[in-house]
Amino acid sequence: MDVIKVENLAKSYGELEVLKNISFSVRKGEVLAILGPSGSGKSTLLRAITHLETAQTGTIEVCGQRMLDAGTYADKATLREVLLKLGLVFQDFNLFPHFSVLRNVTEAQERVLGRGRIESANIARSLLAKMGLEDKAEAYPCELSGGQKQRVSIARALALDPEILFFDEPTSALDPELTGEILKVLRSLAAEKMTMVIVTHEMAFARDVADRAIFMDGGVIVEEGPARELIGAPKSERTQAFLKRFLS
Amino acid sequence: MKRLLCVALCLAAFSAASFAADTSLKAVQDKGKLILGLDDSFPPMGYRNDDNEIVGYDIDLAKEATKRLGLKLVLQPIDWNAKEQELNTGKIDCIWNGFTITDEREKAMSFTKPYLKNAQVVVVKKDSGYTSLASLKGKKVGLQAGSSAADALASAKDFRASLKDVIEFKDNLTALMDLEAKGVDAVVMDLIVANDNIKRSGKPYVVLDESLAPENYGVGFRKGDLALRDAIQVTLEAMAKDGTIAKISTKWFGKDISVVGK
Amino acid sequence: MTKMLWAMLGGSLVSIEIFFLTLAISVPLALPIALGRMSKNRWVSAPVNLYILVMRGTPLILQIIFVYFAPYYLFKASYDRFTAVIVAFAVNYAAYFAEIYRGGIESIAKGQYEAAKVLGFTKSDTFFRIVLPQVVKRILPASANEVITLVKDTALAQTIGVAELFRVAQNASARQFSTLPIFVAGAFYFVMNWVVSACFARFERKLAYYS
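Chains as they are written, first to last, in our numbering: chain A, 1 to 248; chain B, 1 to 262; chain C, 1 to 211.
Simulated from the structure, these hints should not be mistaken for lab results. Ideal Cβ placement from N, Cα and C applies to all residues, glycine included. Don't take each hint at face value.
Stated by the list, open to error - Pairwise CB distance ranges, derived in the manner of DEER restraints:
(1) C:Phe128 with B:Lys223: 50 to 58 Å
(2) C:Ile61 with B:Ala154: 20 to 28 Å
(3) C:Asn145 with A:Arg187: 50 to 58 Å
(4) C:Leu53 with B:Gly254: 55 to 63 Å
(5) B:Lys223 with C:Thr179: 57 to 65 Å
(6) C:Pro71 with B:Lys255: 29 to 37 Å
(7) C:Ser178 with B:Asn195: 14 to 22 Å
(8) A:Asp2 with C:Asn145: 52 to 60 Å
(9) B:Lys67 with C:Lys76: 30 to 38 Å
(10) A:Arg187 with C:Asn41: 42 to 50 Å
(11) A:Gly225 with C:Gly103: 46 to 54 Å
(12) B:Gly32 with C:Pro71: 18 to 26 Å
(13) B:Gly32 with C:Val196: 56 to 64 Å
Go ahead and model the full structure; you've got the sequences and the hints to work with.
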């Protein structure tokens with residue numbers, strides 16, 4: 001079943017059209033990779049679906065609920081319900097620097113989901129253990145490496161049991177050596193059948209781990225298809241040109 | 001007893017004779033207190049002693065006068081520059097602080113008759129060699145801002161014109177400090193205050209023989225507060241008659257220099 | 001000498017009273033002012049901006065005189081000196097603190113707001129639990145400056161006859177014909193500000209657990 005359905009989504013900043021008539025869907029348990037050059041609108045697309053940006057026209061449906069219906073946004077309560085089903089991991093981590101690692105993962109559980117302190121802490125610790133960071137629970141983000149921060153960021157998003165996890169270039173801010181640890185985490189999440197939408201430049205990773213891929217350029221979807229096919233043997237010329245730079 | 005009777009009779013007469021609209025005395029009596037506004041760093045008229053209490057010639061006069069009128073005396077230190085506002089907005093009832101009667105001030109408020117003679121004089125350092133107003137040509141002179149020293153200097157046109165600069169200070173002490181530091185060559189101030197200062201400080205200052213303007217001290221009230229003013233005036237005259245003022249004057253100046261009722 | 005010191009201590013107590021009352025009012029008051037200044041609604045931000053401009057653009061001594069005397073001329077109303085001093089100081093310092101808060105709030109990265117939003121935090125939780133604690137740490141140095149200035153500004157209260165430390169020193173000077181009391185008062189101010197600086201250093205150390 002489709003957990004995400006996007007139809008005719010369009011967004012402009014004044015005169016500048018950044019998303020033009022975008023339509024695609026994502027199935028439950030699927031991993032979708034979104035590729036494209038900078039300025040292609042892939043981050044904007046992610047941010048539009050997670051309601052960090054607003055679109056002017058189109059429809060966005062998440063788990064059967066319409067966030068945006070032909071240009072009209074749903075009411076606050078519905079938007080909130082939808083938002084709670086989504087998790088977003090940022091390129092720049094955006095951890096809360098004044099909270100410990102543990103508190104970064106428990107705070108939203110307690111304040112947003114209303115979980116008790118002990119329950120939240122337990123869930124947090126097990127997620128951090130999964131990320132290999134159980135001994136960093138009392139540390140502060142400023143003491144961690146980029147890779148560790150991103151892993152905390154993923155734990156923080158997972159702690160709220162989202163249906164779908166979005167990743168906006170999760171490894172782009174990391175040193176190459178640290179990229180591997182994040183990709184490892186993403187692989188294991190994919191193996192657990194977590195529905196994920198990942199904007200990335202890691203082509204090899206996308207080809208191996210994603211089920212489907214979308215190539216965007218200039219605000220439109222140029223090509224989409226099974227990840228192995230699109231990245232291994234792209235059909236469109238533009239896709240080929242883009243991938244050549246990465247894969248050669 | 002005779003004193004009180006005399007005062008009471010005079011008060012009654014004045015109250016009856018006052019315009020029905022002048023409620024100034026009644027207002028103060030209803031409050032039970034008279035608020036006296038002063039610059040509390042103006043020895044010997046009104047200043048703070050070592051125990052930080054406000055004392056001075058004017059204070060002693062005011063204490064006795066208000067006692068006789070059955071009022072409590074409240075001493076309110078104010079910024080001298082703001083004295084007119086303090087009076088007009090009712091925050092104080094009178095200004096009694098070596099307050100010089102000038103034509104301009106008479107337009108803005110109601111004064112008692114003079115109770116002390118004063119003059120604006122020029123204070124210089126002993127070793128400065130200045131002996132006359134003419135010798136200060138091209139020199140700098142200091143004075144307290146908002147004081148009658150400024151008025152006296154303004155009306156001594158030739159003298160004023162001959163000066164290089166006139167510098168205004170917040171109070172006389174600061175002006176005198178500048179005199180000592182040679183920031184100014186002379187200070188224009190009240191004779192009575194200068195004498196007290198020189199006597200108590202022992203500093204090498206000298207008052208020039210040539211004075212600028214003779215003046216009189218009076219107590220200032222809001223314009224139109226005639227009933228209140230007259231009550232104080234009557235009381236002061238009674239105090240002069242029975243020798244109280246002579247005693248106070250001797251205490252502060254060594255002799256009776258008061259001009260009340262004279 | 002001892003009498004003078006006691007008198008100065010009494011004056012210092014008045015100065016300290018002004019200090020604490022001003023902070024107690026202006027520090028909280030500055031927050032809604034800062035938010036008003038940052039409001040997208042011009043009907044809110046324009047008047048607030050004007051108020052901040054006037055408060056920072058005119059001398060405090062002038063504001064004290066205005067707050068004390070103007071009500072009489074405008075409404076025939078009168079109130080006591082000490083209250084006038086507190087009103088003038090609080091309203092003035094709230095403007096300065098508001099700009100400090102605004103600077104701190106605007107320096108918080110947009111990503112913090114976005115992460116909070118995506119996690120589902122309410123606007124109120126986002127501001128009070130995520131943003132404000134970070135702002136406090138950032139504005140400590142600038143706030144310390146303001147607080148130290150306040151200690152010294154209390155000397156202006158004598159403009160409308162409030163007997164604080166500096167006035168006591170000036171009176172002692174007039175009486176003793178010496179400037180020594182002024183320097184002693186200087187020592188008092190120095191000690192008060194030394195305490196303030198030490199407190200702020202302590203705050204900064206406490207918040208240094210993260211950077």
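Evaluated hints:
Hint check: phenylalanine 128 of chain C to lysine 223 of chain B, Cβ distance near 57 Å, so the stated range 50 to 58 Å holds. One distance hint, 20 to 28 Å for the beta-carbon pair isoleucine 61 of chain C and alanine 154 of chain B, holds here, with the actual separation near 26 Å. Here the CB-CB span from asparagine 145 of chain C to arginine 187 of chain A is close to 52 Å, well matched to the stated 50 to 58 Å. Between leucine 53 of chain C and glycine 254 of chain B the C-beta distance comes to about 58 Å, which sits within the given range of 55 to 63 Å.
Separated by about 39 Å at the C-beta atoms, lysine 223 of chain B and threonine 179 of chain C break the suggested range of 57 to 65 Å. Between proline 71 of chain C and lysine 255 of chain B the CB atoms are about 47 Å apart, so this pair departs from the stated range of 29 to 37 Å. In this structure the hint that serine 178 of chain C and asparagine 195 of chain B lie 14 to 22 Å apart at CB holds, the actual value being about 19 Å. For aspartate 2 of chain A and asparagine 145 of chain C, the Cβ-Cβ distance of about 58 Å falls inside the hinted range of 52 to 60 Å, so the restraint holds.
Distance hint check: the CB atoms of lysine 67 of chain B and lysine 76 of chain C are about 32 Å apart, consistent with the given range 30 to 38 Å. A beta carbon spacing of about 49 Å between arginine 187 of chain A and asparagine 41 of chain C agrees with the range 42 to 50 Å that was offered as a hint. For the pair glycine 225 of chain A and glycine 103 of chain C, the beta carbons lie near 50 Å from each other, so the given range of 46 to 54 Å is met. Between glycine 32 of chain B and proline 71 of chain C the C-beta distance comes to about 24 Å, which sits within the given range of 18 to 26 Å.
Range check, glycine 32 of chain B to valine 196 of chain C: Cβ separation about 42 Å, and the 56 to 64 Å hint is violated.
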